[in-house]
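Number of protein chains: 2
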Amino acid sequence: MSAGFLLVLSGPSGSGKGTVSEALMEKNEDISFSTSVTTRTPRPGEVNGENYFFTSIEDFENMVEEEELLEYAFVHTNYYGTPKKFVFDEIEKGEIVLLEIDVQGALQIKKRYKEAVFIFLLPPTMDELRNRLVKRDTETEEEINTRFKNAFKELDFVGEYDYFVVNNEVDDAVESIEHIIAAEKLRVKRHKDIKKEVLAEKKGDL
Amino acid sequence: MSAGFLLVLSGPSGSGKGTVSEALMEKNEDISFSTSVTTRTPRPGEVNGENYFFTSIEDFENMVEEEELLEYAFVHTNYYGTPKKFVFDEIEKGEIVLLEIDVQGALQIKKRYKEAVFIFLLPPTMDELRNRLVKRDTETEEEINTRFKNAFKELDFVGEYDYFVVNNEVDDAVESIEHIIAAEKLRVKRHKDIKKEVLAEKKGDL
Chain A
1 MSAGFLLVLS
11 GPSGSGKGTV
21 SEALMEKNED
31 ISFSTSVTTR
41 TPRPGEVNGE
51 NYFFTSIEDF
61 ENMVEEEELL
71 EYAFVHTNYY
81 GTPKKFVFDE
91 IEKGEIVLLE
101 IDVQGALQIK
111 KRYKEAVFIF
121 LLPPTMDELR
131 NRLVKRDTET
141 EEEINTRFKN
151 AFKELDFVGE
161 YDYFVVNNEV
171 DDAVESIEHI
181 IAAEKLRVKR
191 HKDIKKEVLA
201 EKKGDL
Chain B
1 MSAGFLLVLS
11 GPSGSGKGTV
21 SEALMEKNED
31 ISFSTSVTTR
41 TPRPGEVNGE
51 NYFFTSIEDF
61 ENMVEEEELL
71 EYAFVHTNYY
81 GTPKKFVFDE
91 IEKGEIVLLE
101 IDVQGALQIK
111 KRYKEAVFIF
121 LLPPTMDELR
131 NRLVKRDTET
141 EEEINTRFKN
151 AFKELDFVGE
161 YDYFVVNNEV
171 DDAVESIEHI
181 IAAEKLRVKR
191 HKDIKKEVLA
201 EKKGDL
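Protein chains in written order, with the UniProt record's numbering: chain A, 1 to 206; chain B, 1 to 206.
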């Protein structure tokens, strides 16, 4: 009596969605991680179908046309997208599929697949978000300012999400997401015929 | 950043909602238990406003007319109902209010107050439900048969609920409800302006 679903973990740069996502996967081996499709060249050691599904630009654009992607984006010189087939196959098997994605991507998915569970990861404060962007030391000051301004705007979209989780401590954020997963497994709407399931079950099997 | 809500725990006779409800309250002292209003005479030791709000038939019928009740029923010779005021005052304070009620009552509430969280408690099997009804030893065989048939019919209404919880072991059922409560506290829709809350918070306060 288990029903899978897509869990979209999203939030602005600096909310810590990458770290939380990794910690969540480490603690919950039964969660599938959504594998993206990309047109970029595989790096040494990257395995097709594991790190990414690697594909040509032509094939990618075909997928877009055929509506085979839940969302996609063009970043620098490459396409990245989320293939429906992988996600839906896993859900069909009763799996929970985690997709960690920026706010723009999550909003695209919301339009195409409302059945997903949308979590908005929040920084405890905007000061803390800026600290995290600075600490990463991967962007110039100008880039940090841009990301900060974007984060500020992206907070306007929290109303499109189902849940919010404040990422003050990674462990607490992971625990909150675990509660959400446990609750969503018990959603009536994900089960076609609970009465039939109860009537069919032998004692203790449900 | 806490928002209260009404948690309706419901299910057929023999699903164990009374036992689960008690165990849940014992473990979670911060949950309020919804106090019913009734026209029956207080038993020795019962305190007005604690066990029940005791009232006259006239006042009760006035409350019905003024739509001051979330649900009510006439059982044997007495009225029982759930006063809106108590529930809404607690919610306003940010409390979680637990209401344990039969399926008919829950469906009444669903019509009047969709914002509540509705949990349907299921027996692991219909055989087990019958065992529980027999074990209580409070009803005649005929009454047990009636309750069993009603339980069977009431399963048709599970689709009106948000969540289902299988009561195989009381502790597991309580844990499932705790997950649901934790998740529902993180619902975006219960918070008017999360952006404002983030911007207003000092580090670590959210």
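Check before you lean on any hint, since a few could be wrong.
What the hints assert, rightly or not - Covered stretches of chain A, as calculated for chain B (at least 3 residues, CB under 8 Å):
1. 117 to 129
2. 159 to 170
Claimed, not checked - Within a straight-line C-alpha distance of at most 35 Å, the following computed DSBU-like cross-link-like pairs (lysine-lysine) qualify:
3. A:K149 with B:K195
4. A:K149 with B:K192
5. A:K135 with B:K110
6. A:K196 with B:K110
7. B:K189 with A:K110
8. A:K195 with A:K114
9. A:K135 with B:K111
10. A:K110 with B:K111
11. B:K85 with A:K111
12. B:K185 with A:K84
To be verified - Facing chain B, according to a computed beta carbon distance under 8 Å, are these residues of chain A, among others:
13. L155
14. S176
15. A182
16. V198
If you are wondering where the hints come from, they were derived from the structure by calculation, not from laboratory data.
Beta carbons: idealized from backbone N, C-alpha and C, even for Gly.
How the hints compare with the structure:
no. : hint               : in the structure
1   : 117 to 129         : holds (count 8)
2   : 159 to 170         : holds (count 8)
3   : A:K149 with B:K195 : holds, 14 Å
4   : A:K149 with B:K192 : holds, 22 Å
5   : A:K135 with B:K110 : violated, 49 Å
6   : A:K196 with B:K110 : holds, 23 Å
7   : B:K189 with A:K110 : holds, 16 Å
8   : A:K195 with A:K114 : holds, 25 Å
9   : A:K135 with B:K111 : violated, 52 Å
10  : A:K110 with B:K111 : holds, 28 Å
11  : B:K85 with A:K111  : violated, 39 Å
12  : B:K185 with A:K84  : holds, 31 Å
13  : L155               : holds, 4 Å
14  : S176               : holds, 6 Å
15  : A182               : holds, 4 Å
16  : V198               : holds, 6 Å
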